[in-house]
Amino acid sequence: QENYWIKTDSLFKYVQPVASLQFWSTYTMGEKDQLTDNGPMESVQDRLNFLIRRARIGFKGKPYKKLSYAVMIQYDNMGKDRFSAVRGSTNTGTLGILDAYATWRISKNEMASLTVGYFHPQISRECVTGDLLVNSFDKSPTQAYIRQHITGKGYGRATGINLGGLTSKHLVTIDYNVGIFSNNTTSEEFTETSGKYWSPLVVDRVTFTVGDTEKKNYAINYDANNYYSKRKGITVGLNSSVQGKTDIFTSNYAGGFDVLFNYGRWNIDGEWMYMERHTEAQTYNMKAGHIRAGYNLIIKDKIFLEPCVMVTNFEGDQGAQFSGEDRMLDVGVNWYLNKKNCKLSLHYITQQGHGDNNYTDDITFKKGDFAGLAFVLLM
Amino acid sequence: QENYWIKTDSLFKYVQPVASLQFWSTYTMGEKDQLTDNGPMESVQDRLNFLIRRARIGFKGKPYKKLSYAVMIQYDNMGKDRFSAVRGSTNTGTLGILDAYATWRISKNEMASLTVGYFHPQISRECVTGDLLVNSFDKSPTQAYIRQHITGKGYGRATGINLGGLTSKHLVTIDYNVGIFSNNTTSEEFTETSGKYWSPLVVDRVTFTVGDTEKKNYAINYDANNYYSKRKGITVGLNSSVQGKTDIFTSNYAGGFDVLFNYGRWNIDGEWMYMERHTEAQTYNMKAGHIRAGYNLIIKDKIFLEPCVMVTNFEGDQGAQFSGEDRMLDVGVNWYLNKKNCKLSLHYITQQGHGDNNYTDDITFKKGDFAGLAFVLLM
Amino acid sequence: QENYWIKTDSLFKYVQPVASLQFWSTYTMGEKDQLTDNGPMESVQDRLNFLIRRARIGFKGKPYKKLSYAVMIQYDNMGKDRFSAVRGSTNTGTLGILDAYATWRISKNEMASLTVGYFHPQISRECVTGDLLVNSFDKSPTQAYIRQHITGKGYGRATGINLGGLTSKHLVTIDYNVGIFSNNTTSEEFTETSGKYWSPLVVDRVTFTVGDTEKKNYAINYDANNYYSKRKGITVGLNSSVQGKTDIFTSNYAGGFDVLFNYGRWNIDGEWMYMERHTEAQTYNMKAGHIRAGYNLIIKDKIFLEPCVMVTNFEGDQGAQFSGEDRMLDVGVNWYLNKKNCKLSLHYITQQGHGDNNYTDDITFKKGDFAGLAFVLLM
Chain A
14 QENYWIKTDS
24 LFKYVQPVAS
34 LQFWSTYTMG
44 EKDQLTDNGP
54 MESVQDRLNF
64 LIRRARIGFK
74 GKPYKKLSYA
84 VMIQYDNMGK
94 DRFSAVRGST
104 NTGTLGILDA
114 YATWRISKNE
124 MASLTVGYFH
134 PQISRECVTG
144 DLLVNSFDKS
154 PTQAYIRQHI
164 TGKGYGRATG
174 INLGGLTSKH
184 LVTIDYNVGI
194 FSNNTTSEEF
204 TETSGKYWSP
214 LVVDRVTFTV
224 GDTEKKNYAI
234 NYDANNYYSK
244 RKGITVGLNS
254 SVQGKTDIFT
264 SNYAGGFDVL
274 FNYGRWNIDG
284 EWMYMERHTE
294 AQTYNMKAGH
304 IRAGYNLIIK
314 DKIFLEPCVM
324 VTNFEGDQGA
334 QFSGEDRMLD
344 VGVNWYLNKK
354 NCKLSLHYIT
364 QQGHGDNNYT
374 DDITFKKGDF
384 AGLAFVLLM
Chain B
14 QENYWIKTDS
24 LFKYVQPVAS
34 LQFWSTYTMG
44 EKDQLTDNGP
54 MESVQDRLNF
64 LIRRARIGFK
74 GKPYKKLSYA
84 VMIQYDNMGK
94 DRFSAVRGST
104 NTGTLGILDA
114 YATWRISKNE
124 MASLTVGYFH
134 PQISRECVTG
144 DLLVNSFDKS
154 PTQAYIRQHI
164 TGKGYGRATG
174 INLGGLTSKH
184 LVTIDYNVGI
194 FSNNTTSEEF
204 TETSGKYWSP
214 LVVDRVTFTV
224 GDTEKKNYAI
234 NYDANNYYSK
244 RKGITVGLNS
254 SVQGKTDIFT
264 SNYAGGFDVL
274 FNYGRWNIDG
284 EWMYMERHTE
294 AQTYNMKAGH
304 IRAGYNLIIK
314 DKIFLEPCVM
324 VTNFEGDQGA
334 QFSGEDRMLD
344 VGVNWYLNKK
354 NCKLSLHYIT
364 QQGHGDNNYT
374 DDITFKKGDF
384 AGLAFVLLM
Chain C
14 QENYWIKTDS
24 LFKYVQPVAS
34 LQFWSTYTMG
44 EKDQLTDNGP
54 MESVQDRLNF
64 LIRRARIGFK
74 GKPYKKLSYA
84 VMIQYDNMGK
94 DRFSAVRGST
104 NTGTLGILDA
114 YATWRISKNE
124 MASLTVGYFH
134 PQISRECVTG
144 DLLVNSFDKS
154 PTQAYIRQHI
164 TGKGYGRATG
174 INLGGLTSKH
184 LVTIDYNVGI
194 FSNNTTSEEF
204 TETSGKYWSP
214 LVVDRVTFTV
224 GDTEKKNYAI
234 NYDANNYYSK
244 RKGITVGLNS
254 SVQGKTDIFT
264 SNYAGGFDVL
274 FNYGRWNIDG
284 EWMYMERHTE
294 AQTYNMKAGH
304 IRAGYNLIIK
314 DKIFLEPCVM
324 VTNFEGDQGA
334 QFSGEDRMLD
344 VGVNWYLNKK
354 NCKLSLHYIT
364 QQGHGDNNYT
374 DDITFKKGDF
384 AGLAFVLLM
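Chains as they are written, first to last, in our numbering: chain A, 14 to 392; chain B, 14 to 392; chain C, 14 to 392.
Some hints could be false.
Which copy is meant is left open, because identical chains are indistinguishable; a pair holds if it fits in one copy or across any two.
Pairs of lysine to aspartate or glutamate residues, derived as DMTMM-like cross-links and limited to a Cα-Cα distance of at most 20 angstroms, are as follows [claimed, not checked]:
1) 209 with 59
2) 79 with 330
3) 45 with 112
4) 121 with 22
5) 73 with 374
6) 20 with 314
What the hints contain is simulated information worked out from the structure, not anything from laboratory work.
Input sequences plus hints: build the corresponding full structure.
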């Protein structure tokens, strides 16, 4: 082989397919919707709904020693009843690109990797953690506000370049990420452009870990927040994003912190994010956060359960992108059949709020409460 | 390994990709369409049309000993000419989810398996048989009426849970399925909800086989109706579905029977379904069925042919979802190059009818007749 | 095994997944757009844009000794800013079918193969060459006019049947392709039909090579135009297409020639196509072509560079599908890390023109110039 061709990875044979499925059976109570034009909100009948809450298929590979690649397709919310209490859009069969990126390790150790493509700007632990991996029934609804504020997209991905890495010494690990993105959702009319004015979106996140590391190898994906009683460690993350003048704001900020604490059987995590948007006339603030706790419980050496509780809170100024209050309480139990790869969950979710946000707009819809049984399968 | 993690299947290595293609060359004669607003139906020019009638790609796997998984994507009707005599919609490049489910065998034998996800409610042999596997040129057009009546969707899938199994004793085999589904197509306005009122869709099917079994292992998929002269057996299936009050009906029923008869070279199958829908004011009935016969013919020990004929019939009340009559006659020959996996077919299809259905609405279109050459490849 | 079943290929194990990614960072200067209804064209702010210019995933396989199969899905232009100077549409997450075909070799040698499905009618070297393989920053913008003229589709694919093959003797190789397609974009109103009137689209291409062959095995795909200084040969191609009466024209023609010349370090190619469309009232002509040259440069036996320049030109009659002039100059350098499979490129593109075409319509947009950094990864 000529010297000018880089060597392919000796283990690389083909692009490897991956697939996952999160199947939900939910029973919704107290959902309200505006059923006639300009009419009042009416209660719809309580209902059972089977849905594929999330499903992904994709390919990943590592063609060269330092270069890995992933592309993931989603067909989330298949079969979701528009009048169920579950948040998010409905889907009657559509597929979409979720992630498509390549990561090139540029240092000999884990200190520096460059990621390019369409992926999560690295901000907010809840946003960047794998969707099927959290121990609450669903991810905290607060992540929707954070994503919409920063990227303007429900899925929160953007195209750009991220530099990141991690380094450990004794009991302390530092992990960092800084990325620059072009954010095509800041036009008045067309979401596929940044409008007449353009500013880059710059996002960064640094985490400090004391005790067992959160992960040994650098990656832009974050694993389950349950380490099955194997980890004793705490990780604190500091997040920020900034974007300058565009058609829809003069500047836009987010900042906050998050915590992951695993100590034997206890799994506790939380996050608080502060969001600020300036227009020529005014400044709007939003705040979003959650706290979540689980406790690993092994029954007769055969059944690995985790009772879990989560509370979430969102508050937004009148006139902001989202306003009023949105609160959720999730209480349930997870049964890990094969760690995160095969899991059953039974949870009960209550929701309340007011204003104009994802819980209600006080005119056309108000989400109900629901009980849910989930089956998660990762392959 | 800890006792509380279930073991992965020893043969499981990766998610396996699958693909299939059904390529048609058709020549349409006598198609009529309304070419101008409020104008008369005019004859369009007879035409050749090449189309990918059906194409699927997907992944399947068996991560655990008793758990299997499948996801299938369709991009059917690529290149279909709107004015060809072939039924169904057109497609200029769109993909959609066809199936996504997991099946968990809960008994030690084949007696009981639970399937969850987005899949065919198990009713009507013609509906649940693999689309590329029938010995007529296409599946019977009657299945479109059955699917629309029960699930309100062209592809006939729904999200839900199905319990099924099979058991054999001597020459008799019984196969059963019963499923509950949430059916999001029963709102007046929005197909992505069941509307203000909700009722579950309950579907069941039982088959009785005398002689060779139809299949040895339980599955929610049904194979080709040609057993290449290896089977001597008859299978009779009884089907029913019921759904209660929703926004668009007060109750909705379907019932019927189907038969598959293979005796050496003869392959005969048929189906008759009766559909009933009650609204507050009235009751509407529809009936649909087909009969199909093929005869295996081996020429010089080298060419495996099957001459085949199918007649289909649909009748619906005035005011029902579909009304009038729709009849098709299909005469042709299949050349099995490698059983169902590689097949050529040459058929001639004539169609007639009246009313408001998939053959004609008596105003804007009337399907023509066509000759077709098909190439089917399964991988 | 019975004699009537064809044998599967001994090496065939499964459908093999493939993936590729072309990631661009561009900086656009001087883009103009109409930002208000009926307003003037205004300069938008110069901008950085990260985009996945092209990305493909798919499956391919060779189930039988003489039969191969490919299906390819695209999710091009993810993250493209509408106001960047890059041509083509925008994409916020949609997937589409790019190719789906099977090729059956009917001769013992490479003389004759039949391809059926949805694929490129074999005309114009620039159209049929792999999108991520050219040595200019992007494919020549002239291919868009050729494709639109012949098939009416941006991606230029159609459903049909192609017969092709190649044969070599001494220093001369002849490669031919002739195909018939049903072209569903010739209706006044509906692109999913050929309208009231139908005519087949017939396309052919013959190439003559002197010296090293362009490819040893017949295929409907064309490789990179850089042979990494290994080829000494010239290939000249003659192209033509013809279609008769449809709703939108009485007849439609294209014809032209293309050249690929590789001699050691030099890689030169070019193309000239003439397009003619007759309606009952009039005849419209368009012309499109490009010339492109690269020179392979190896630095210290470690870095394989190719400085490259391309000029393109389009001209169309007033009233034709596209009119006026559209010119591009591309100057840049490619760094081949692992031949075509891993490549970095840095180019500068200037564009100019007038009329109603892909560069400008003189009313709502005028493309800017841009500098671009590309990363291409094929797996």
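**OP:** Tell me, please, which holds for residue 73 and residue 374 at an alpha-carbon limit of 20 angstroms: within, between, both or neither?
**Re:** neither (40 angstroms within a copy, 42 angstroms between copies)
Are the CA atoms of residue 121 and residue 22 at most 20 angstroms apart within a copy, between copies, both, or neither? within (15 angstroms within a copy, 36 angstroms between copies)
Exercise for review: Classify it for me, residue 209 with residue 59: is the Cα-Cα distance of at most 20 angstroms met within a copy, between copies, both or neither?
Suggested key: between (47 angstroms within a copy, 9 angstroms between copies)
- Item | 20 angstroms Cα threshold - placement of residue 112 relative to residue 45 | Close neither inside one copy (34 angstroms) nor across copies (31 angstroms); limit 20 angstroms.
Within a copy, between copies, both or neither: where do residue 20 and residue 314 come within 20 angstroms Cα-Cα? Answer is between: at 15 angstroms across copies they meet the 20 angstroms cutoff, but 47 angstroms inside does not.
How would you classify residue 79 and residue 330 at a CA-CA limit of 20 angstroms: within, between, both, or neither? Neither. Shortest intra-copy (46 angstroms) and inter-copy (52 angstroms) distances fail the 20 angstroms Cα cut-off.
Figure legend: structure checked against the earlier numbered hints; hints not met, in rising order: 2, 3 and 5.
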